Amino acid sequence: GIQVEQSPPDLILQEGANSTLRCNFSDSVNNLQWFHQNPWGQLINLFYIPSGTKQNGRLSATTVATERYSLLYISSSQTTDSGVYFCASGGGYQKVTFGTGTKLQVIP
Amino acid sequence: DSGVTQTPKHLITATGQRVTLRCSPRSGDLSVYWYQQSLDQGLQFLIQYYNGEERAKGNILERFSAQQFPDLHSELNLSSLELGDSALYFCASSGKIGTSGGEQFFGPGTRLTVL
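Residue numbers (our numbering), protein chains in the order written: chain A, -16 to 91; chain B, 3 to 117.
The shape of chain B in the complex, shown without the other chains (with noise of 0.2 Å):
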């Protein structure tokens, strides 16, 4: 168990609609990184937060959003979905205070079937 949760761990929804995922990090780890798995594109990185501020952005999509709250907890928003976002959405967390970037822990990851 790497200490970092992840809801739901599975969502089943359809075309056009919209849903979050949630992301708990490890206790103490300010940074939180949401990754998408797909079986054709590989673990591609989406976005990075550090302390509540966004802090590396990578292929994220125009549809997609994310925050992280005072708490530490992160939310990932997928908006008007389509059938290609049906993917493995990981969480991973890493950063306590006084280190930059560091090692990064895995949640279980939420698996995202869009019909």
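Next comes chain A alone, as it looks inside the complex (with noise of 0.2 Å):
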């Protein structure tokens, strides 16, 4: 199946920083999402993006999906920002493959 890695694992930031989170793909993408997850655990969707660029406040991202690759970028972040990101492709008749995370911390 799909390899999905993800970079960094881990990632501490001083608030108001920029980051760009990556992950690639060993195959073809497909339904590609980002999601956050929090400190509580709830899985929060962050962007369905299977090809192109999309802004939603401070966070956007871009998915190149001829060279499978996807970025998330994180600008003036805030420690409401901690948590886990995950970029995940799959779903319809294929199956659905998460990537390892990374674990962010934002710290005042």
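Calculated from the structure, these hints are not laboratory results.
The structure presented is a predicted model; accordingly, all values stated were derived computationally and were not measured.
Yeah, the Cβ is synthetic: ideal placement off N, Cα and C, and Gly gets one too.
Don't take every hint at face value.
Said to hold, decoys possible - Subject to a maximum C-alpha distance of 30 Å in a straight line, what follows is the list of computed DSBU-like cross-link-like pairs (lysine-lysine):
| hint | chain 1 | residue 1 | chain 2 | residue 2 |
| --- | --- | --- | --- | --- |
| 1 | B | K59 | A | K86 |
| 2 | B | K11 | A | K78 |
| 3 | B | K11 | B | K59 |
| 4 | A | K78 | B | K59 |
| 5 | A | K86 | B | K11 |
| 6 | A | K37 | A | K86 |
| 7 | A | K37 | A | K78 |
To be verified - Reference listing, derived: stretches of chain A covered by chain B, where coverage requires no fewer than 3 residues with Cβ under 8 Å from a Cβ of chain B:
| hint | stretch |
| --- | --- |
| 8 | -12 to 1 |
| 9 | 79 to 90 |
Using the hints, put the two chains back together into the complex; each one sits in its own frame.
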């Protein structure tokens, strides 16, 4: 099945800093999504982005399906951004594969 | 609130027992997905149903089974429970009529503890 590699695995940011998280896929990307899992375990949708670029406030994402990667940008980070960020591909008739996640800690 | 509901929120049981987890998808969504999240395994896809039919299967153990009912709610049955089955179990839904796959929305999860 498809392999999903996320980097970096861990990230510590000072509040106000910017960061880029990356997902690399071993095969074609399908129904790509980014999620934020907050410290209470809730999985929150950030972007549904099979291709192209989307922005939502301080967050934006870009997927280059032909090169099998996706990027999540976080600007002006806040302590509430802390948690684990996952990307995932699949759905429809395909198995869903999640990346191993990037654990982000934003310190004041 | 994603619109996906899961019950119960917490479940504590003993090894060898059987439990049933329940999921109600968002209104209009035809697909239901089940996932297991344990500390050492990350988020693992178990199974997907679409309008009552199994559509894709992941790393689901033979001791586990699922089904989707005509009203589109789904149940995940876990039997002969082992300590290693302790995990957070998520349900997600997607796929209104005319779509394929699409954006998934997750429920709050059921935390299962096997003692």
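Those earlier numbered hints the structure runs against, lowest number first
Per hint list: single violation, 8.
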